[in-house]
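Throw the hints in and build the complete structure from the sequences for me.
Be aware that the sequence shown starts at 1, since it is given in this note's numbering, and climbs by one per residue.
Since the hints were derived computationally from the structure, they do not count as laboratory data. Misleading hints may appear alongside valid ones.
To be verified - DEER-style ranges, computed between Cβ atoms: (1) D104 with G35: 35 to 41 Å; (2) T72 with D5: 18 to 24 Å; (3) C6 with D66: 23 to 29 Å.
All values reported here derive from a predicted model rather than from experimental measurement. Heads up, the beta-carbon is just placed ideally off N, CA and C, and yes, glycines get one too.
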Amino acid sequence: MFLADCPARTTLEVVGHTWSVVVVVALGDGPLRYGELLDRIGGISNKMLTQTLARLRGNGLLTSVDGWHELTDLGRSLLTPVRALAAWAEEHTGELLDARRDADVDTDVLHAGRQVEPRDEPLDIRRHAVG
1 MFLADCPART
11 TLEVVGHTWS
21 VVVVVALGDG
31 PLRYGELLDR
41 IGGISNKMLT
51 QTLARLRGNG
61 LLTSVDGWHE
71 LTDLGRSLLT
81 PVRALAAWAE
91 EHTGELLDAR
101 RDADVDTDVL
111 HAGRQVEPRD
121 EPLDIRRHAV
131 G
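Shown next as structure tokens:
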């Protein structure tokens, strides 16, 4: 995993993008048109969806024909591990967000090796969580 061309590292580079995983899951039930994907995936911009589709297509995970976007066999094979990761996230996201919130104060205090004032209000990262 520490080598530049390691298979795990190469794969994580592709699926490590938040939107890549979301698009794969969105296409898990079958092909969709661009507008349907945009409607189905809350919070993604046109630009980001276009870039994500291009990245997935370039890595052989989906095809785009006549305006329809569909997972390839390789893309469908990714659904099992992605769904397992999604199940883990459902179970543990609260703990991750709590830890991140707790670490936020320490990060502010130690930011760039200098003392800074803590925030008046804690950062509400739960509103940024993907449900």
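_Hints violated by the structure (numbers, ascending)_ = Hint 3 is the one this structure does not satisfy, whereas the remaining hints hold.
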